[in-house]
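Using my numbering, the first residue of the sequence shown is number 8, and each one after it goes up by one.
Take these hints with a grain of salt, some might be off.
[Said to hold, decoys possible] Below, simulated DSSO-like cross-link-like pairs (lysine-lysine); rule was C-alpha separation at most 27 Å, straight line:
#1 LYS21 <-> LYS40
#2 LYS110 <-> LYS70
#3 LYS89 <-> LYS70
#4 LYS135 <-> LYS80
#5 LYS95 <-> LYS111
#6 LYS40 <-> LYS9
#7 LYS65 <-> LYS85
#8 LYS41 <-> LYS21
#9 LYS129 <-> LYS139
#10 LYS129 <-> LYS89
#11 LYS65 <-> LYS89
#12 LYS121 <-> LYS139
#13 LYS9 <-> LYS21
#14 LYS41 <-> LYS78
#15 LYS129 <-> LYS65
#16 LYS85 <-> LYS120
#17 LYS55 <-> LYS65
#18 LYS65 <-> LYS40
#19 LYS73 <-> LYS129
#20 LYS41 <-> LYS57
#21 LYS110 <-> LYS120
#22 LYS129 <-> LYS111
#23 LYS89 <-> LYS111
#24 LYS57 <-> LYS85
#25 LYS110 <-> LYS121
#26 LYS70 <-> LYS121
#27 LYS73 <-> LYS89
#28 LYS13 <-> LYS65
#29 LYS57 <-> LYS13
#30 LYS111 <-> LYS73
#31 LYS135 <-> LYS121
#32 LYS103 <-> LYS80
#33 LYS57 <-> LYS21
[What the hints assert, rightly or not] Between beta-carbon pairs, the in silico distance windows are:
#34 ASP30 <-> ALA56: 35 to 45 Å
#35 LYS41 <-> LYS78: 39 to 49 Å
#36 LYS95 <-> LYS70: 40 to 50 Å
#37 GLY99 <-> LYS121: 25 to 35 Å
#38 PHE113 <-> TYR36: 45 to 55 Å
Calculated from the structure, these hints are not laboratory results.
All values reported here derive from a predicted model rather than from experimental measurement.
C-beta atoms are modelled at their ideal positions from N, C-alpha and C, and glycine is treated no differently.
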Amino acid sequence: MKVILKEDIKGVGKKDQVINAADGYARNYLFPKKLAVPADEGNMNNLKAKNQSKEFRKGEDLKEAKEIAEKLKNITLKITVKAGDNGKLFGGVTSKEIAEALKKDFNIEVDKKKVLLTETIKMAGVTKVDIKLNEGVMSSVQVMVIPRL
Numbered sequence: 008m009k010v011i012l013k014e015d016i017k018g019v020g021k022k023d024q025v026i027n028a029a030d031g032y033a034r035n036y037l038f039p040k041k042l043a044v045p046a047d048e049g050n051m052n053n054l055k056a057k058n059q060s061k062e063f064r065k066g067e068d069l070k071e072a073k074e075i076a077e078k079l080k081n082i083t084l085k086i087t088v089k090a091g092d093n094g095k096l097f098g099g100v101t102s103k104e105i106a107e108a109l110k111k112d113f114n115i116e117v118d119k120k121k122v123l124l125t126e127t128i129k130m131a132g133v134t135k136v137d138i139k140l141n142e143g144v145m146s147s148v149q150v151m152v153i154p155r156l
């Protein structure tokens, strides 16, 4: 019996996958626990529409990420941080601070997890920071750390 899985099931298949299941397994386990639905014409059409919507959304997200990447190329982000006499910062500049500064200064919203910073910036000066906006879309921004004594 062909069924469409509604959840990932270990050893069976992934969500929204069409599989061949034994009749008894489908009727006695998958359907009562609402883990699958029969792969009839109506459910197949719903699955097809859902997949098309997902592909469209993925394309829109990719297009938006490319536009943001173009904006980020020309940006030099200025962050003022308290520092000691030798230019060494108290604490450091984190990916969260970079994301917040982008939002505040340029109205570009970037998730702090997408700011690829191996470690916090601990010295004053200009640092190039990479930002992963989407799968296959990378950009970088110049971060100028200005010490405040």
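Here is what the structure says about each hint:
no.: 1; hint: LYS21 <-> LYS40; verdict: holds, 16 Å
no.: 2; hint: LYS110 <-> LYS70; verdict: holds, 20 Å
no.: 3; hint: LYS89 <-> LYS70; verdict: violated, 38 Å
no.: 4; hint: LYS135 <-> LYS80; verdict: holds, 11 Å
no.: 5; hint: LYS95 <-> LYS111; verdict: holds, 25 Å
no.: 6; hint: LYS40 <-> LYS9; verdict: holds, 17 Å
no.: 7; hint: LYS65 <-> LYS85; verdict: violated, 32 Å
no.: 8; hint: LYS41 <-> LYS21; verdict: holds, 14 Å
no.: 9; hint: LYS129 <-> LYS139; verdict: holds, 22 Å
no.: 10; hint: LYS129 <-> LYS89; verdict: holds, 11 Å
no.: 11; hint: LYS65 <-> LYS89; verdict: violated, 41 Å
no.: 12; hint: LYS121 <-> LYS139; verdict: holds, 5 Å
no.: 13; hint: LYS9 <-> LYS21; verdict: holds, 14 Å
no.: 14; hint: LYS41 <-> LYS78; verdict: violated, 46 Å
no.: 15; hint: LYS129 <-> LYS65; verdict: violated, 37 Å
no.: 16; hint: LYS85 <-> LYS120; verdict: holds, 20 Å
no.: 17; hint: LYS55 <-> LYS65; verdict: holds, 15 Å
no.: 18; hint: LYS65 <-> LYS40; verdict: violated, 31 Å
no.: 19; hint: LYS73 <-> LYS129; verdict: violated, 30 Å
no.: 20; hint: LYS41 <-> LYS57; verdict: holds, 18 Å
no.: 21; hint: LYS110 <-> LYS120; verdict: holds, 14 Å
no.: 22; hint: LYS129 <-> LYS111; verdict: holds, 22 Å
no.: 23; hint: LYS89 <-> LYS111; verdict: holds, 19 Å
no.: 24; hint: LYS57 <-> LYS85; verdict: violated, 43 Å
no.: 25; hint: LYS110 <-> LYS121; verdict: holds, 14 Å
no.: 26; hint: LYS70 <-> LYS121; verdict: holds, 17 Å
no.: 27; hint: LYS73 <-> LYS89; verdict: violated, 34 Å
no.: 28; hint: LYS13 <-> LYS65; verdict: holds, 21 Å
no.: 29; hint: LYS57 <-> LYS13; verdict: holds, 12 Å
no.: 30; hint: LYS111 <-> LYS73; verdict: holds, 21 Å
no.: 31; hint: LYS135 <-> LYS121; verdict: holds, 14 Å
no.: 32; hint: LYS103 <-> LYS80; verdict: holds, 19 Å
no.: 33; hint: LYS57 <-> LYS21; verdict: holds, 15 Å
no.: 34; hint: ASP30 <-> ALA56: 35 to 45 Å; verdict: violated, 27 Å
no.: 35; hint: LYS41 <-> LYS78: 39 to 49 Å; verdict: holds, 45 Å
no.: 36; hint: LYS95 <-> LYS70: 40 to 50 Å; verdict: holds, 42 Å
no.: 37; hint: GLY99 <-> LYS121: 25 to 35 Å; verdict: violated, 19 Å
no.: 38; hint: PHE113 <-> TYR36: 45 to 55 Å; verdict: holds, 53 Å
This entry does not satisfy hints 3, 7, 11, 14, 15, 18, 19, 24, 27, 34 and 37, going by the numbered hints stated previously.
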